[in-house]
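Start from the sequences and build out the full structure, keeping to the hints where you can.
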Amino acid sequence: MLEIKKVFRKYGKKEDSFLALKNINLSFEAGSTNAIVGKSGSGKSTLLHIITGLDHPSEGSVTFDDKNIYKQLDTDKWRGENIGIIFQQFFLQPANSVLDNVALPLKIRGVSRKKREARALEALKSVGILEKAKSKANDLSGGQKQRVAIARAIIDKPSILIADEPTGNLDSESGEAIIKLLFELNKTQNATLIIVTHDHDIAKKCGRIIELKDGLVERDRKN
Amino acid sequence: MKTLDIFTTSNQNLRRSKLRTFLTLLAIAIGTFTLALSLGLGQGLKNYISLQLGQYKNVNLYQVEKTTLNDFSGGIGNKDPQTYNPNTSASSASYLNNFITSADLTSLGQVNGVNNVEIPYQATFLYALSPNGTKYLASNSVFLPENPPTLTYGNQLTSVDQGEVLLSQKFAPLVGASDSKSSIGKVLDLFYKDYSGQIKEVKLTVKGVYQPSLIQSPIIIDKFDAKNVAESQSLNNTPQSNIVFVSRNLNVPDATFKTNLKNAKFTGKSFADVNNTLNSIITGVQISLAAFSGVAILASVVGVINTLFMSVLERTREIGLFRALGSKKKTIFALFSVEAMLLGFWGGLSGIALSLLAEQAINAIAAKTFLKGIEGIKLLNISPLLSVEIILIIAAITFIAGLIPAIKASRVDPIESLRYE
Ligand SMILES: Nc1ncnc2c1ncn2[C@@H]1O[C@H](COP(=O)(O)OP(=O)(O)O)[C@@H](O)[C@H]1O
Ligand SMILES: [Mg+2]
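Chains A and B supply the protein sequences, listed in that same order. Per our numbering, the first sequence starts with residue 808, numbered consecutively. Per our numbering, the second sequence starts with residue 20, numbered consecutively.
Simulated from the structure, these hints should not be mistaken for laboratory data. Here the structure is a predicted model, which is why all the values come from computation and not from measurement. Cβ atoms here follow ideal geometry from the backbone N, Cα and C, with glycine treated the same way. Each hint should be verified, as a subset may be incorrect.
Claimed, not checked - Using 27 angstroms as the maximum straight-line C-alpha spacing, the simulated DSSO-like pairs for lysine-lysine come out as follows:
| id | chain 1 | residue 1 | chain 2 | residue 2 |
| --- | --- | --- | --- | --- |
| 1 | B | K347 | A | K878 |
| 2 | A | K964 | A | K943 |
| 3 | B | K37 | A | K943 |
| 4 | B | K189 | B | K200 |
| 5 | B | K37 | A | K817 |
| 6 | B | K21 | A | K941 |
| 7 | B | K348 | A | K922 |
| 8 | A | K921 | B | K349 |
| 9 | A | K820 | B | K189 |
| 10 | B | K347 | A | K922 |
| 11 | A | K964 | B | K348 |
| 12 | B | K348 | A | K878 |
| 13 | B | K246 | A | K878 |
| 14 | B | K427 | A | K878 |
| 15 | A | K922 | B | K21 |
| 16 | A | K884 | B | K348 |
| 17 | B | K21 | B | K154 |
| 18 | B | K189 | B | K219 |
| 19 | A | K874 | B | K349 |
Unchecked claim - Chain A is faced by these chain B residues, among others (derived, beta-carbon under 8 angstroms):
| id | residue |
| --- | --- |
| 20 | K21 |
| 21 | L340 |
| 22 | A343 |
| 23 | G345 |
| 24 | K347 |
Written out as structure tokens, the structure reads:
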């Protein structure tokens, strides 16, 4: 279980400092589906960065299974092993093959080439583009690229999948397919899903909707 | 990340900007090339000197002359005039007349540390007459037991031999032999003028053949015959010489021995001194040449730093991605510093390959032109060990050059670099 306790995030120095997050308290049950909604500038991305350990809160703590991810865990290692991140932009390595792109997290983790490629093929199969394994990442369509990014995020079977506007760069049809895939993966891999989205239809599909406004949790309801 | 993966990834990254990498490698290769050539030239000279001086087997042999209180170059053109002092000046303030007399030999024999004194009897021959009638010049020296030449065939002379001679490998034609080996046992027929101007003949049997070198005469005559000829060529049967060769008693240290000589108004210089002087001159030349190539390497280092900074800027997104996927800062640091090191490695390797080609070509040309006929010299000598050392040094230098860009890369903020609104 992921728990966020009394988190503040302050930007800037004393006089013109700005609180992007103000006393956030949230916990995410394992296997749950969660939407984070809110206007632009409400603090959604800042919250995701803190949850993933890429950013540090100015105050408060983030714990994973009761361990502080900054103080008690090796944050980078923990993120690699437990969090799969999907961005609005796909951030693929365009010149590399689809297989290499998907295998990258395991390469970073020091897994042997043979093992990581076998696992990458598995991941590609579960996102439905196994046949593209040998293609260059640049040659794919937007929807296919996002599938590759998802395969990369799930290759090490993370317990939490975090997606920041995953359909923002896709047409509505491929966007729907991607969302369908994410919910499938939530079930088949029992991964906690946290989606940041503007789209109310997507939010409605989640078990829980958290609405942020000016760095505060405005509403937090079960669906 | 596995070390192997870091190396292959960094190597792949080098190929992403092919032209830029190529130009950087070219600069490093040029720097390496100049370094290899200058060190190779120095090594070639050192090898040559040690090959030649290796002939001086006995480094405790001293060349001793009388100390002239007025500098002997007082007789040479570029000096100010010097006044005559009957107590200190040699008879004509000339080096040439500073002969060692029998009284000098007696006092030299009493100096503490002197083991043995050899007079370098100098016989002057008109020519050597070969069996087919050709007359050859016969430059020669007397055999010094303390400083024997390196024989290739036959036997060494001894200090009591008579009627025998050692010949340089190249001088077989003088005794009518087709090669150096078969000149052993043949007779060298020498002609000279005595003091009165009468032409005389001396026949010497070839006892051994030796490697030619710059510091040894091509003919080495036994002491008995050299003394005989030199005496018959001199006024009062007394050969005159400015120098004698003195071997040192090893119980007396070099410095003490030199002081003792100095107190007896002699100056001594050992062959080891000559060796050291020459080597330190070459080391000096080598260092200054290496310093010049250092400038070329410095320029390529600037290129490496520039290339890497550009890579870091171009790849900030990718760095952010790596971090988001669980990569540690030190992995990012390693990727970029290995890339820097690989630039040095590949550039160094190409530079060494170029310099080995140049070595072949330059040595071939030198051997046919200005070094023609000089034995045992390889103008450039870039050994495998030197090559490996240079490549490692260049890789280490580019690694150091890459430190700052690599640190910059490791400090890229993943959030900033992945921002896209
Ligand atoms: N590095 C930063 N420095 C200063 N202010 C920032 C920085 N990052 C975000 N902010 C501010 O924090 C607030 C929340 O930003 P963000 O989390 O990106 O919002 P959202 O993702 O909901 O659009 C915004 O007002 C934004 O301007
Ligand atoms: Mg945002």
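(request) Hints the structure violates: just list their numbers, smallest first. (result) 5, 9, 13 and 17
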